[in-house]
Amino acid sequence: MKDLRKQVLLFFIIVDMISEKDLAELENVPYEERISRVEKLLEGKENPRAFELGLLLALKMGQEIREKKPLGSESGDLVASWSGKYPESVVEEAIASAKEFLLHPANLAEKIKSGVMKKAAEESKQAQSEAEDAK
Numbered sequence: 001m002k003d004l005r006k007q008v009l010l011f012f013i014i015v016d017m018i019s020e021k022d023l024a025e026l027e028n029v030p031y032e033e034r035i036s037r038v039e040k041l042l043e044g045k046e047n048p049r050a051f052e053l054g055l056l057l058a059l060k061m062g063q064e065i066r067e068k069k070p071l072g073s074e075s076g077d078l079v080a081s082w083s084g085k086y087p088e089s090v091v092e093e094a095i096a097s098a099k100e101f102l103l104h105p106a107n108l109a110e111k112i113k114s115g116v117m118k119k120a121a122e123e124s125k126q127a128q129s130e131a132e133d134a135k
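Just so we're aligned, residue 1 is where the sequence shown starts under my numbering, counting upward by one.
Honestly, the hints are just simulated from the structure, not real lab data.
Take these hints with a grain of salt, some might be off.
Unchecked claim - Quick list of the computed label-pair ranges, beta carbon to beta carbon:
| hint | residue 1 | residue 2 | range |
| --- | --- | --- | --- |
| 1 | 128 | 43 | 26 to 36 Å |
| 2 | 35 | 87 | 21 to 31 Å |
| 3 | 69 | 121 | 34 to 44 Å |
| 4 | 99 | 127 | 35 to 45 Å |
| 5 | 120 | 77 | 30 to 40 Å |
| 6 | 125 | 83 | 33 to 43 Å |
We treat Cβ as the ideally placed atom computed from N, Cα and C, and that holds for glycine.
Make the full structure from the sequences, and use the hints.
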C-alpha cells in the first residue's frame with residue numbers, strides 16, 4: 001500500500017515537471033514538427049478525442065496565420081475530412097477546442113493538467129481497489 005502511495009505522489013510530481021519541461025521544449029520545436037507530432041499521435045487512433053482533433057486544428061490554423069494564408073484555406077479541408085469519419089458533435093467540439101486553444105492557451109493548459117491529474121486519481125483509486133480486493 002505504501003508503494004502505491006509513493007507511485008501516485010511521484011506521478012503527480014512528474015506531471016508538474018513534465019508540464020513545465022514540455023512547455024520549454026515545445027518552444028524550441030519547429031512549428032511544422034509540432035504539427036507532425038500531433039498528426040502521428042492521431043494516426044493510430046480510431047476514435048480520437050475532440051480535444052486532440054482541436055489541438056491539430058489549432059496548430060494548422062496557426063500555421064496559416066504564420067504563413068499569411070487565408071484562415072481556413074488548408075484547415076478547412078482538414079475539418080471537411082473529419083465530417084465523414086467522426087460524429088458531428090465531435091467535430092463541433094474539436095472546432096470549439098481549437099478556438100479556445102488559439103484565444104486562451106493558458107486556460108487550456110490548465111484544463112489539460114486537470115484532466116491528466118483526474119485520470120491519475122482514477123487510476124490510483126482503481127489500483128487501490130484492486131489491491132484491497134487481492135487481500
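Check: For which of the previously enumerated hints does the structure constitute a violation, in increasing order of number?
Finding: none
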